[in-house]
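Participant: Here are the chains, one letter per residue:
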Amino acid sequence: MKNKDIKRKIKEEFQDIHMPSKKEKLLEDIQFVQPIQEDKHKNKHFNIKWQLSILTIACIYIFSFITLQTQDAYSISFEVNPSIELKVNNQRRVDDVICHNDDAVLVLDDMDLKNTDLDVAVNAVIGSMFKHGYISEAKNSVLVSVQGSDQEKRNALKQDVATDVKDILSGYSLEASVVSQDYDFSKEREALAKQYGISVGKVTLIQKLINVSPNYDFEDLIHLSINDLNTLIHYKHLNFKSITIDGVESHSGYLTNEQVKSKVLQHAHVNEESVYEYRDDLDVQDNQLIYIVEFTDEFAKYHYKVNAISGEIVSFESEM
Amino acid sequence: MSKENNLENLLIALKDDNRVIGDIYDLMYNEVYRYIYSIVHAKEYAQDLTHDTFIQIYKNAHLYKGNGHAKAWIITISRNITYMSLRKSNREQVVDYHIDSVDESINDIHDKMMIEKMMNILRQEEREIIILHVVEGLTFKEISQVMDLKLSTVLNKYHRSLKKIRKSLEE
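Protein chains in written order, with the numbering used here: chain Y, 23 to 342; chain B, 3 to 173.
Hints may be right or wrong, so weigh each one.
Computed list of lysine-lysine pairs in DSS-like fashion (alpha-carbon distance at most 25 angstroms, straight line) [said to hold, decoys possible]: (1) Y/Lys45 x B/Lys45; (2) B/Lys5 x Y/Lys45; (3) Y/Lys29 x B/Lys159.
By construction, these hints were calculated from the structure, which means they are not laboratory data.
If we strip away everything but chain B, and leave its shape as in the complex, we get (with noise of 0.2 angstroms):
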């Protein structure tokens, strides 16, 4: 069974199992959090936001529909949960990317030349799209939904932004 099969089955059995929210964190709980950090830039901060993504998972697993589209669902949640918060502590300005040398995932900094790439050139909204497809592996349609982007917004921002890295590590 596919990765995304058994997320749509176990997001199905949360609404009468609530133990399944295990599992789930289980095999969600490291993209939703690179998800989160490539917008919050900060360790603790993604931390604690993939951790209330979680809650609200277990909270309104009633409302998914099952329509095949559980790591979208997800993904949907963690970004709301995360500007919300941005919105309310007022940090989308204060914070700014660099990366965490107290990571200890993310101890080299000469190992993550196109993460550096990402955040120097491109937009918050470019970063996401590219994370989302190239990482995450939502469709494009999915991408337009989670982010509330037509199609053809969401591709041509792709498009642009693959570009844009391109031509940076070209000069």
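Only chain Y is shown next, with the shape it has when bound in the complex (with noise of 0.2 angstroms):
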């Protein structure tokens, strides 16, 4: 039988199946019924109430959307000395990137980064740096800054990203250093960062800095790079709850403390026997790591400072 005819017989079977009609006893007992009047007052009210509840889930949506927009987004800084930042939406997606010097143009080039994946923009990044020699052996240093509301999620982000950018790097041969940090948005760095054109993140390091040395004034950190500010952390031992430094930084592009031992003797006329008290220091001077020498022979004391990176005697001055 096909479906057709067995659709047909049921549908003749059961119109076979009927009642006798009680209408009569249904209209007697509907006499003892009150319908259900619709209360158009009440239902009037009820609107008014629905309308308000409508408007106020609207303007919570709206509220939260806005909020969670602001909230949620992140905004990740790589910094060497090209400084290009990358905002990220919350599927880890490039919604936008800026870049904060001529450098990060440079190193940029015509790379569309919109709308990639996280991961595929920080290679492009980091790639394309060591590629134009801003990052290499000698300046071997990465800040990468994660700002974001939720420190969880940026606390997870940051260790994300500074393990790929480690990795990228390790796949050149090249054993970097990243510096990484975190932190929740702030008017003040943000204005900071656009009065001296550089990046939240450098501002925001440059602080922590100074909060642990407050003997160095804010305009006097600001044009060293990511390298210098890594090794002054380094040979000032200092420590940071919230900044996380993996790998060591290269001082290959630095004098070594033989080299200038010997810069400085040689300009004192001095030898290196009659020397009885000798002490070196990095530190910062007019944006330059320095080297800050003092020593003493039998006629007098010296005082030098040397450029870290050029070997340039920037003072010197001796007390008989």
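Take the two lone chains and join them into the complex the hints point to.
Facilitator: As structure tokens, this is what we get:
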């Protein structure tokens, strides 16, 4: 039997089933039943309440949407000397790319990183920095900064990106020193970054450094490279709760302690054998890493400041 | 005017004129009864529930939205009344279908082969879908709303049920 025939048969059989009409009984019974009347006033009132509820929910939704957009979007900046900032959404996709200096424009070239996955963008940015020579054996420090309102999420993001950077550079046979930090939005830091044309990440790092070494001026540090700042942190034995440093920064671009000693003794016409007190320290002056050297021989006490990179003697004096 | 359109107009009119309940009853009482009977399998019980269904229609006429699904609305009320009653009396498990020889309208069991097949091989839900579509003429979408099932579920169950009946007839 076909479906059509089955359906016809079912219909026929069921249509044979019927009951005697009990209409009279129904009409009798409904005399004692009061139909529920639509309360128009109540309905109107309900409608107003309903509309208000919808309006309230809409407001909450819009507010939450705006808040979430603000709170949950992340900014990840990479600072070497080129300073590049990636605005990242909750799905870890790049919404916007900001170049904070001319070097950053050169690094990005014609790359369009918008809407790419974060790991793809990190690979492109770090790879290009390496290929353009901004990251090298002599300058192996990279600052990774993550800004966002959710501490747990931004910390996780920081760790992921820092590991990625380390791995990418390891792929180029370079042992990098990755300095990573995370923080919440700050109007003050934004203003400083804008004022000095550097990234918020670098502003934050400098501020943290000043917090533990208050003798530094903010303006004395802004032109130091990340490798310089990393080296300074290392030499000063500074530790920060909110900063992670993975790997050792390169010192190959700086004079060694022995080179500095040789330079100042030669300049002072002092034999090494006649020196009985010698002390050097790495420090900062006018946005330059300098060695501050003090030594004494039988005739005088000498004070030198030597540029740690160029070897230039910045200043000297002697006390007889 | 089609029966569905007529029913629609009567339900809308019932909001202001309670006398039209008699006309609605005339149009629908057998269909409501058949549907309820297919669930409860007992003549007297089905008749009582049919009566209760029309009382509810009368009381709640103001809730009908006039959206062109008058029959589906009435079937929904009858379904709710039936299952509510079955839950109350806990008769769902107790009542077992057999063609009622007392019922003068079903006096020859051999003439009701298809109903018997349905009752023996289909589950309650499957029977309902078949009856609502084949006998009462509800669309699958209306059935999905009446039974609170997904449209795809209704369609699957419908086709599976027909297949079961066909297979059973072939044996």
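Participant: When the structure is checked against the list of hints, which entries are broken? Sort them ascending.
Facilitator: Hint check: nothing fails, all pass.
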